[in-house]
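**Q** Below, each chain spelled out in residue letters.
4 protein chains.
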Amino acid sequence: MPLIRCACHAGFSYWTGAAAGPPDALRSGSEPPASGGPIDPSIFEEVASASRILAVQGVLDAFGHVSMRHPTAPDRFLMSRSLAPALVTAGDIMEFNLDGEACDPQGRGVFLERFIHGAIYRARADVASVVHSHSPSVIPFGLVETPMRAMYHNAAFLAEGVPVFDIAEEFGATDMLVGSWQKGAALARSLGDKSVVLMRGHGSVAVGPSLEAAVFRAIMTETNAKLQSQATILSQGGPIAALSPEEGRLADAVNLRVIQRPWELWKRSISGRS
Amino acid sequence: MPLIRCACHAGFSYWTGAAAGPPDALRSGSEPPASGGPIDPSIFEEVASASRILAVQGVLDAFGHVSMRHPTAPDRFLMSRSLAPALVTAGDIMEFNLDGEACDPQGRGVFLERFIHGAIYRARADVASVVHSHSPSVIPFGLVETPMRAMYHNAAFLAEGVPVFDIAEEFGATDMLVGSWQKGAALARSLGDKSVVLMRGHGSVAVGPSLEAAVFRAIMTETNAKLQSQATILSQGGPIAALSPEEGRLADAVNLRVIQRPWELWKRSISGRS
Amino acid sequence: MPLIRCACHAGFSYWTGAAAGPPDALRSGSEPPASGGPIDPSIFEEVASASRILAVQGVLDAFGHVSMRHPTAPDRFLMSRSLAPALVTAGDIMEFNLDGEACDPQGRGVFLERFIHGAIYRARADVASVVHSHSPSVIPFGLVETPMRAMYHNAAFLAEGVPVFDIAEEFGATDMLVGSWQKGAALARSLGDKSVVLMRGHGSVAVGPSLEAAVFRAIMTETNAKLQSQATILSQGGPIAALSPEEGRLADAVNLRVIQRPWELWKRSISGRS
Amino acid sequence: MPLIRCACHAGFSYWTGAAAGPPDALRSGSEPPASGGPIDPSIFEEVASASRILAVQGVLDAFGHVSMRHPTAPDRFLMSRSLAPALVTAGDIMEFNLDGEACDPQGRGVFLERFIHGAIYRARADVASVVHSHSPSVIPFGLVETPMRAMYHNAAFLAEGVPVFDIAEEFGATDMLVGSWQKGAALARSLGDKSVVLMRGHGSVAVGPSLEAAVFRAIMTETNAKLQSQATILSQGGPIAALSPEEGRLADAVNLRVIQRPWELWKRSISGRS
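Residue numbers (the numbering used here), protein chains in the order written: chain X, 96 to 369; chain B, 96 to 369; chain V, 96 to 369; chain U, 96 to 369.
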């Protein structure tokens, strides 16, 4: 997959609205975008750890990816080159602009669906990290009319509602992949101000105010999906007393404060693995 | 999370009624409560083992905790500092009074939900150990009208009935956590004289006459939940021939006599892990 | 649990009818029964391997047991002392008569439910091995009106029908355990001439013409239970095209001829474990 | 199981029609068929890796097999001798003609169901690899009226439809195995031009234009089956928005281009295993 090379984006302003038209950068150019500035090497380690954690936790398999917004340049983000998530190390992390263009490609392959990440960082100034996965228990919720709801406090971020993005609504029959900025922008519009969006026949995206939060939410979305399937069996058509939106807001605030505990545990689970 | 420091509770009498008002200890004071007395070091090892066993068995993940009543001071209990259960070792075990105040805090973080434990030890003189978990198959039973029942002899302790604690009934919209003695007391009232109480949108609590019994019950509650989900699928609306209360009483007595066999097996499963 | 000591049974004749009254041996005596004769040490190794295989395969946990009829004395059988199945080695295998009395107890604890084995060996001359388990997916089938059926050729032995033993029918409220020769005989009557009998609120028993066959059947019964649960979900009340009894007979004959292939694979899975 | 020895097939022409009558080769002869020509040793390694990958992924257990068409002789294929898939190494790979006759038997046991492979290679010139498995989540779909559909883009190859082969329709009560060229030909007719065929009461077959593609499809069929069971629970009788045939075609084309990524990951999962 050849890299799209384009005009330098050093001066590209950070735009938080959903994309309404093609960014200029896609229309011309021959140079990769400039870097958003130097980054502490430990950041690359953390992004790579997130990737391997998500693989060990069964959220990512050979596909899917996690990204993090550049800590000082909001119009840049960090993501692995195209590689199975379980194999990602710090040296695989690349920098992209919000159009999904690599700042220093070095001939490396990049993920076709990097537009998911760029489009969401553009639309959501509050988002610092994005996880795109095909985690298995979540996929069925993108295919049915039953909405995903928050089954317990650790999945409290779902209580605000979980939209479904059906790529066919705007784009007709496709290969189901978010392989263009237009599709990325449409996905970001479906996500709106929520924490998770389901993708019909494909997977889902979880976002958060930190790398740890996005990883936590991706993992808990998978767990919650399993719980809701069980609750559906047990309820036999009766009510399921999911968290209310207010309960969700209150519980999510606590989760974000204690997130370091699971994060440290998960990091131990990947030590010794590359 | 700063520790609440309070008046010494050396003379605090052991009270088995459910909490009706705020214990005096919460109203004033500056000294931590006194210890209930010296404890054989092997006890700390056993409590830590219980924590790691529950992690290996999938009952606890990054959250949840197990405690044990002080062997000679019934108004004290032992529980890990705030730490992922898989990582707990003997040195992490702290002593608390029944208000959840640490006897020798040493600046260590404590679990927000230690009130679950204190309140139950206060209300139930027969309880020597408490496990609070978010074990996944159990959570859906706290959300639906279908009561949990005993599917087989190893889960016989469920045949007496399994109440559901809905924190919203008394406290309205909350963060779902049992983070105060009032909430702990309400939970203990829901538990009543039973072995397990489900917590809506949160998890569950299992209690027992020994550390081994509480661990066994927490594990078997998770197993039973899986079985009942399967039985619900298979019954297709027809009857499920669960254990009767009398069968439950008879079978539970046998379980408590043979509990050392699974306990030794589970201890082997954690050897070499910290 | 003290061993019941009884009169020597060296001359006890092999009786294939279901037990109608208490064997004489249970009424008096002070000497353990005589051994049925020397056994090749590799036989003990095979019985112990079967125990550990069933643990690794998830059919046995801390409870349950596998036995084998004495190769030359049909009124004796071999079974581990009371021990978690995952820990059994050749030195733990003991010899029993069909009343469940140990020939050389040496003060070792024995399984309470050894009567399951003795009663079935007495009632079924064709049976060379018995597995009693609480394998999780099977238990729900003992609680519902939906009969277990053969979902695929490897579980062909189920196509002949799978009876359910409800201990309450004959014995009222009990501890659910088969802890006497009377209960063992009732269970054997429920089994009849089939390969598997389900035990309400407890577990199941699988039998076979060889140790390998009984182990294979216990494992495949667990697998089949999972498949039938899935088929029940998918059929949505419609038909499930299970194997017919004739298909079952034909396919089971093939399975018994190729059984060494899974057996060797399973033995590899336990090498290095004790 | 003795090998059928037959006339040399060196000149046997490659025939893509479904078998309408017994190939001449089955009627007489005494010599094994000639080899299709020398093969790069790395090919044998790849076929053996495929076998072990499918075992590690839970698609194959003690039974089942994967084959690959001879790279230069379309009327020959490569498959392991009769052996548990987890144990297959390059030296176990044998060459067969499309009648399932070994070119150089050396007294080795061969799989009874090698006719599955030969019949499909004969009927489908586009197929380069065949996997036959009893992967557990797939089996129930062969027993019910609910058709298997594509739940997500990685299982896009299912969107064209998934036929069910009921061996009883043509052959009455059997041992359920495809143990003759006639049964293999009937199975190939059921498969038609699709990628997967379900076998009632038995398992399934996945085919692909390359070894990697057939392995990928066998694994994704198992995953898809789990997803569809969950979707069926969640839909509660309502619609399931599976991939349309056109979406399936478009997404499958992408999958085939990125297949090396999971393949390399899966190969890492078997390194150090034999």
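Check the hints yourself; a few may be wrong.
Said to hold, decoys possible - Label pairs and their in silico Cβ distance ranges:
hint, chain 1, residue 1, chain 2, residue 2, range
1, V, Gln201, X, Glu140, 52 to 62 Å
2, B, Pro133, X, Glu140, 42 to 52 Å
3, B, Gly186, V, Gly132, 37 to 47 Å
4, B, Glu264, X, Ala348, 33 to 43 Å
5, U, Ser339, X, Gly204, 41 to 51 Å
6, X, Ser130, B, Ser137, 55 to 65 Å
7, U, Ser339, X, Glu341, 57 to 67 Å
8, U, Arg356, B, Arg284, 49 to 59 Å
9, X, Ser130, V, Val151, 18 to 28 Å
10, X, Arg352, B, Glu126, 44 to 54 Å
11, V, Arg363, B, Arg284, 19 to 29 Å
Said to hold, decoys possible - Here are the simulated SDA-like pairs of lysine to any residue, each with C-alpha atoms no more than 25 Å apart in a straight line:
hint, chain 1, residue 1, chain 2, residue 2
12, B, Lys362, B, Ser339
13, B, Lys321, V, Lys362
14, X, Lys362, B, Gly186
15, V, Lys321, X, Arg203
16, V, Lys362, U, Val151
17, U, Lys321, X, Ser232
18, U, Lys362, X, Arg203
19, U, Lys362, X, Lys289
20, V, Lys362, U, Lys321
21, V, Lys362, V, Ala129
22, X, Lys321, U, Gly186
23, B, Lys321, V, Gly332
24, V, Lys321, V, Thr269
25, U, Lys362, X, Pro340
26, B, Lys321, V, Gln355
27, X, Lys289, X, Arg344
These are calculated hints, taken from the structure and not from any lab test. Cβ atoms here follow ideal geometry from the backbone N, Cα and C, with glycine treated the same way.
**Q** Indicate, hint by hint, whether the structure satisfies it.
**A** Results for each hint:
{"no.": "1", "hint": "V:Gln201 / X:Glu140: 52 to 62 Å", "result": "holds, 59 Å"}
{"no.": "2", "hint": "B:Pro133 / X:Glu140: 42 to 52 Å", "result": "holds, 45 Å"}
{"no.": "3", "hint": "B:Gly186 / V:Gly132: 37 to 47 Å", "result": "violated, 56 Å"}
{"no.": "4", "hint": "B:Glu264 / X:Ala348: 33 to 43 Å", "result": "violated, 22 Å"}
{"no.": "5", "hint": "U:Ser339 / X:Gly204: 41 to 51 Å", "result": "violated, 29 Å"}
{"no.": "6", "hint": "X:Ser130 / B:Ser137: 55 to 65 Å", "result": "holds, 58 Å"}
{"no.": "7", "hint": "U:Ser339 / X:Glu341: 57 to 67 Å", "result": "violated, 40 Å"}
{"no.": "8", "hint": "U:Arg356 / B:Arg284: 49 to 59 Å", "result": "holds, 55 Å"}
{"no.": "9", "hint": "X:Ser130 / V:Val151: 18 to 28 Å", "result": "violated, 52 Å"}
{"no.": "10", "hint": "X:Arg352 / B:Glu126: 44 to 54 Å", "result": "violated, 28 Å"}
{"no.": "11", "hint": "V:Arg363 / B:Arg284: 19 to 29 Å", "result": "violated, 54 Å"}
{"no.": "12", "hint": "B:Lys362 / B:Ser339", "result": "violated, 32 Å"}
{"no.": "13", "hint": "B:Lys321 / V:Lys362", "result": "violated, 29 Å"}
{"no.": "14", "hint": "X:Lys362 / B:Gly186", "result": "holds, 22 Å"}
{"no.": "15", "hint": "V:Lys321 / X:Arg203", "result": "violated, 45 Å"}
{"no.": "16", "hint": "V:Lys362 / U:Val151", "result": "holds, 17 Å"}
{"no.": "17", "hint": "U:Lys321 / X:Ser232", "result": "holds, 9 Å"}
{"no.": "18", "hint": "U:Lys362 / X:Arg203", "result": "holds, 22 Å"}
{"no.": "19", "hint": "U:Lys362 / X:Lys289", "result": "violated, 38 Å"}
{"no.": "20", "hint": "V:Lys362 / U:Lys321", "result": "violated, 29 Å"}
{"no.": "21", "hint": "V:Lys362 / V:Ala129", "result": "violated, 32 Å"}
{"no.": "22", "hint": "X:Lys321 / U:Gly186", "result": "violated, 43 Å"}
{"no.": "23", "hint": "B:Lys321 / V:Gly332", "result": "holds, 22 Å"}
{"no.": "24", "hint": "V:Lys321 / V:Thr269", "result": "violated, 28 Å"}
{"no.": "25", "hint": "U:Lys362 / X:Pro340", "result": "violated, 45 Å"}
{"no.": "26", "hint": "B:Lys321 / V:Gln355", "result": "violated, 32 Å"}
{"no.": "27", "hint": "X:Lys289 / X:Arg344", "result": "holds, 12 Å"}
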